[in-house]
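Protein sequences, first through last, are from chains A and B. Under UniProt numbering, think of the first position of the first sequence as 1, with each following residue one higher. Under UniProt numbering, think of the first position of the second sequence as 1, with each following residue one higher.
No lab work stands behind these hints: they were computed from the structure. Just so you know, nobody snuck in bad clues.
Capping the alpha-carbon separation at 25 Å, the derived lysine-lysine pairs in BS3-like fashion look like this:
| id | chain 1 | residue 1 | chain 2 | residue 2 |
| --- | --- | --- | --- | --- |
| 1 | B | Lys2 | B | Lys39 |
| 2 | B | Lys2 | A | Lys42 |
| 3 | B | Lys39 | B | Lys127 |
| 4 | A | Lys42 | B | Lys39 |
| 5 | B | Lys2 | B | Lys127 |
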Amino acid sequence: MTSRSSRTTLTVNGRERTLTVDNRRVLLDLLREDLDLTGAKKGCDHGQCGACTVLVDGRRMNSCLLLAVALEGSEVTTVEGLAGPDGEPHPLQRAFLERDAFQCGYCTPGQLCSAVGVLAEAAAGHPSAVTGPEAEAGEPTPLGAAEIRERMSGNLCRCGAYPRIVEAVEDVVP
Amino acid sequence: MKTFDYVRARTVEEATAAFAAAPGARYLGGGTNLVDLMKLGVERPTALVDVSRLPLDTVDELPDGSLRVGATVRNSDLAAHPLVREGWPALSRALLSGASGQLRNAATTGGNLLQRTRCPYFQDLSKPCNKREPGSGCGAREGVHRDHAVLGHSPHCVATHPSDMAVALAALDARVELTGPAGDRVVAADVFHRLPGDRPELDTEIRPGELITAVVLPAATRGLPSAYRKVRDRASYAFALASAAVVLRVEGGVVARVGIALGGVAHRPWRARRAEEALTGAAPSRAAFEHALDLELSAAEPLRDNGYKVPLARSLTVDVLTRLAARSAG
Ligand SMILES: Cc1cc2nc3c(=O)[nH]c(=O)nc-3n(C[C@H](O)[C@H](O)[C@H](O)COP(=O)(O)OP(=O)(O)OC[C@H]3O[C@@H](n4cnc5c(N)ncnc54)[C@H](O)[C@@H]3O)c2cc1C
Ligand code: SF4
Ligand code: FES
Ligand code: FES
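Kindly generate the complete structure, drawing on both the sequences and the hints.
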């Protein structure tokens, strides 16, 4: 028996989808080409830019390097799924608007999903490379500008909107 | 990308059996290196045996105080683990200095150890590369090699191993647990990766079909002052030009135990045994550290364009040792 494609069920932005996917399909292409969710962007296609960042089971990942078949049963959230059920923008989306944290906007969906992940990781006490040794394991990590810059380093912005992006994320830090 | 079969393994036995049944198979962890290389055509597996959901996703304290890290524990979870942060801080720091938050959320312990070199010739099918295609030549040796090895390289390959995690594991005397067709075995982390010699296609001591099941952090290095420092072209999200993982215990004014591994300078994490020998029993001082690193680095053979790595590795390692010694002293 060969199985060059596989039947896969995953939940995307709250909606369950069962699809037959070519084993070669990465999540990014599945979202953009099969599900018409074009929010996640293809920048490099090699894990080097972060434009394709989505949340998988609540954790930010590069969708260009995730094989869709391997995600059976996962919950995927893309930028299209960040708004509340009533269409209310996510606080980060609002902050990006208020801070003017983008120019061309190509990196923005990835920046937003990544920032959602950053807030969750810090709340769960995950350290970063710039977290001081005094930080208590298991306690939420406070997020200043240096922490945000380091944690968001996997998202490149060709327009160089970095200072505004950091400010927007700072606005939403609890 | 070439088509391939996909098998999701639920048990270790299922994984090794599925691998054995499919010539040309590869295990799939987080996929952050393998899928990348498949897109480039460097890897062309006939089948992927997905091991990312094996029940190897826990970090367990063993009765002797060591810590067993399952092969599918994600890099971000390992870096954040309270026992790792407390007991083996160099490992947490090494993990956090690698890749990005997104990649660390996907990358597994086993996959991180087995990630391939970032040598640009290795990734480019139009270029010669003995590691990708044995016998085709080494494009980097006389080509672009600013990021390449200064220690232990051979005429056949001058690549470096890119993992930060592996450098910390080598310094901390960690062990790699494997299972495969011929049974279970354990390999010390500092000799798990190989030097290229005349077989640069082999990165590690792993045998065909073997699966990494765990990495064990030994009780002997638990709680000792340890640190990791990495130098790169930009402050974050870049591979090491050079790095150092150091564990140091000073007792009664002399070095009682020291482990030093250098990253970004060789085909494997470079355990600096000569420097360690010179330091053991000596009074810790900047001069002693400099002398030890000079001994170690006297073996360096820089290429045309990467001589800078020798003083870089020396000064950053001396710096880490000096800071750790100050911490031990007071
Ligand atoms: C842009 C970018 C930047 C990066 N920067 C850094 C950096 O600065 N520092 C750093 O250290 N790393 C860096 N990385 C590399 C990253 O750490 C690795 O890609 C990752 O750790 C690999 O883990 P994985 O689980 O995704 O492996 P996979 O891609 O799934 O697998 C890698 C290899 O391991 C094999 N394998 C996987 N699991 C097992 C197992 N249990 N037993 C046997 N074989 C197995 C696979 O067959 C494959 O050959 C970077 C990667 C990218 C894309
Ligand atoms: S250094 Fe090694 S990996 Fe790079 S081209 Fe030469 S043989 Fe290939
Ligand atoms: S498109 Fe995925 S990281 Fe660039
Ligand atoms: S806003 Fe243009 S790439 Fe970031």
